[in-house]
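**Student:** Listed in order, the protein sequences are those of chains F and P.
Counting from 1, position 137 in the first sequence corresponds to residue 137 in full-length UniProt numbering; the numbering is continuous, with no gaps.
Counting from 1, position 80 in the second sequence corresponds to residue 80 in full-length UniProt numbering; the numbering is continuous, with no gaps.
Take these hints with a grain of salt, some might be off.
[Claimed, not checked] As a list, the in silico DSSO-like pairs of lysine-lysine whose alpha-carbon atoms are at most 30 Å apart: (1) Lys173(P) - Lys127(P); (2) Lys171(P) - Lys173(F); (3) Lys127(F) - Lys48(P); (4) Lys48(P) - Lys171(F); (5) Lys171(P) - Lys171(F); (6) Lys48(F) - Lys18(F); (7) Lys173(F) - Lys127(P); (8) Lys18(F) - Lys127(F); (9) Lys16(P) - Lys48(P); (10) Lys173(F) - Lys48(P); (11) Lys173(P) - Lys16(P).
Hints were generated in silico from the structure; no laboratory data involved.
There are 2 protein chains.
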Amino acid sequence: MEGSAQSEDKRVERSKAKVLAETYRQLALNGISGVTIEGISRHSGIPKTTIYRHWPSRSALLIDACSRFGSVPEVPDVGSLQGDMRALLIDLAERLQTANWNSVYPSIIDAAERDSVIASMQTAMQKSFMTPFEIVIERARARGEISSRQSTDDLVAILVGPLFYQRWFSKQKIDSSFIDTIIDLVIRSTSDVG
Amino acid sequence: MEGSAQSEDKRVERSKAKVLAETYRQLALNGISGVTIEGISRHSGIPKTTIYRHWPSRSALLIDACSRFGSVPEVPDVGSLQGDMRALLIDLAERLQTANWNSVYPSIIDAAERDSVIASMQTAMQKSFMTPFEIVIERARARGEISSRQSTDDLVAILVGPLFYQRWFSKQKIDSSFIDTIIDLVIRSTSDVG
Numbered sequence: 001m002e003g004s005a006q007s008e009d010k011r012v013e014r015s016k017a018k019v020l021a022e023t024y025r026q027l028a029l030n031g032i033s034g035v036t037i038e039g040i041s042r043h044s045g046i047p048k049t050t051i052y053r054h055w056p057s058r059s060a061l062l063i064d065a066c067s068r069f070g071s072v073p074e075v076p077d078v079g080s081l082q083g084d085m086r087a088l089l090i091d092l093a094e095r096l097q098t099a100n101w102n103s104v105y106p107s108i109i110d111a112a113e114r115d116s117v118i119a120s121m122q123t124a125m126q127k128s129f130m131t132p133f134e135i136v137i138e139r140a141r142a143r144g145e146i147s148s149r150q151s152t153d154d155l156v157a158i159l160v161g162p163l164f165y166q167r168w169f170s171k172q173k174i175d176s177s178f179i180d181t182i183i184d185l186v187i188r189s190t191s192d193v194g
Numbered sequence: 001m002e003g004s005a006q007s008e009d010k011r012v013e014r015s016k017a018k019v020l021a022e023t024y025r026q027l028a029l030n031g032i033s034g035v036t037i038e039g040i041s042r043h044s045g046i047p048k049t050t051i052y053r054h055w056p057s058r059s060a061l062l063i064d065a066c067s068r069f070g071s072v073p074e075v076p077d078v079g080s081l082q083g084d085m086r087a088l089l090i091d092l093a094e095r096l097q098t099a100n101w102n103s104v105y106p107s108i109i110d111a112a113e114r115d116s117v118i119a120s121m122q123t124a125m126q127k128s129f130m131t132p133f134e135i136v137i138e139r140a141r142a143r144g145e146i147s148s149r150q151s152t153d154d155l156v157a158i159l160v161g162p163l164f165y166q167r168w169f170s171k172q173k174i175d176s177s178f179i180d181t182i183i184d185l186v187i188r189s190t191s192d193v194g
């Protein structure tokens with residue numbers, strides 16, 4: 001009996017993995033609006049009823065599939081705000097210009113404008129991507145490296161906003177001199193005692 | 001004969017206007033992926049063949065409809081880079097937080113990832129929205145207000161990127177103190193003779 005329950009578990013895991021892989025594939029290909037339970041069932045060979053047994057709704061499946069896009073970066077700790085920010089921004093620039101989720105993220109942003117469940121997911125994803133930036137800024141604040149009263153949220157937006165902008169809006173290459181320009185601005189402003 | 005040609009012209013204008021109004025309505029409601037010629041024909045009462053007579057493709061119609069979203073801001077000229085940038089950023093913040101095209105633009109960004117015609121349109125729209133920023137920066141450069149070697153494109157991205165980021169990614173309110181923080185950073189860095 002135990003053996004049979006185990007093989008049943010394995011079968012469930014395999015079919016869930018198939019569904020997630022197909023969802024991921026369709027997301028990367030067509031963005032979120034191109035993903036339907038119908039299409040996932042057809043391409044994965046897993047019946048719709050089985051899909052709905054594991055995920056109560058299309059949104060629930062999308063959230064699960066999206067959570068596999070891009071891991072959260074590690075938090076660097078080189079001892080200075082400048083060094084930590086540089087490591088994080090270089091890593092972000094690399095991800096923005098190569099990772100799979102780049103072509104999917106705008107479809108999530110778009111869907112979030114009209115779907116409150118996707119909007120909550122997007123907020124959570126964004127928050128988790130940006131946590132390392134918050135940590136290095138708060139750590140620098142604790143070390144006394146940040147003397148200005150700028151909020152951490154504002155500093156994060158000033159650091160990463162220009163990179164997001166270049167990737168999705170102006171469609172320009174993000175190089176290391178651009179990153180250095182941003183860091184230079186932020187370092188001067190945060191160390192201002194005036 | 002002339003009178004009849006004129007009324008024919010008017011009828012054409014009226015049906016084109018109906019199609020554009022319906023396209024605009026569907027865009028605002030569902031984003032670009034929700035717009036179909038089929039649906040526009042059904043809701044506007046204009047036959048598909050007539051729509052295709054005026055616009056050779058769905059992309060051509062979308063481009064025409066999108067070009068009516070948000071006019072390009074006027075170029076301020078208060079005599080200083082700081083004043084001009086402030087006027088433009090306050091105007092941009094207002095637009096980002098109230099205008100109709102806010103909920104449509106992510107769908108354009110998304111479609112641009114997969115459709116090269118939409119991508120060209122998006123690049124042209126973005127360029128035209130940002131032209132006033134380029135003009136005030138170039139004018140300040142000519143006045144000798146900008147002593148750094150930062151490119152105009154980089155400065156535009158550093159100015160507007162954080163606003164775009166707050167609107168669509170972090171979903172935070174853009175207030176005037178945030179705008180002042182950004183301008184302060186840019187003014188210091190551009191006036192640096194070092």
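**Student:** Now tell me, hint by hint, if it's right for this structure.
**Tutor:** Right, here's what the structure says about each hint:
In summary, the hint linking Lys173(P) to Lys127(P) is supported, as the alpha carbons are separated by about 25 Å, within the 30 Å threshold. Simply put, Lys171(P) and Lys173(F) have alpha-carbon atoms about 25 Å apart, close enough for the 30 Å limit, and the pair holds. Pair hint Lys127(F) plus Lys48(P) does not hold up; C-alpha atoms about 45 Å apart against a cutoff of 30 Å. The suggested pairing of Lys48(P) with Lys171(F) is violated, with an alpha-carbon distance near 34 Å, which exceeds 30 Å.
Between the alpha carbons of Lys171(P) and Lys171(F) the distance comes to roughly 21 Å, so the proposed pair stays at or under 30 Å and holds. Between Lys48(F) and Lys18(F) the alpha-carbon distance is near 13 Å, which keeps this suggested pair within the 30 Å criterion. About 15 Å separates the Cα atoms of Lys173(F) and Lys127(P), which keeps this hinted pair within 30 Å; it holds. At roughly 28 Å between alpha-carbon atoms, Lys18(F) and Lys127(F) fall within 30 Å of each other, so this suggested pair holds.
With a C-alpha separation of about 12 Å, the suggested pairing of Lys16(P) with Lys48(P) holds against the 30 Å cut-off. For the given pair, Lys173(F) sits about 41 Å from Lys48(P) by alpha-carbon distance, which is inconsistent with the 30 Å threshold. Between Lys173(P) and Lys16(P) the CA atoms are separated by roughly 38 Å; this puts the pair beyond 30 Å, and the hint is violated.
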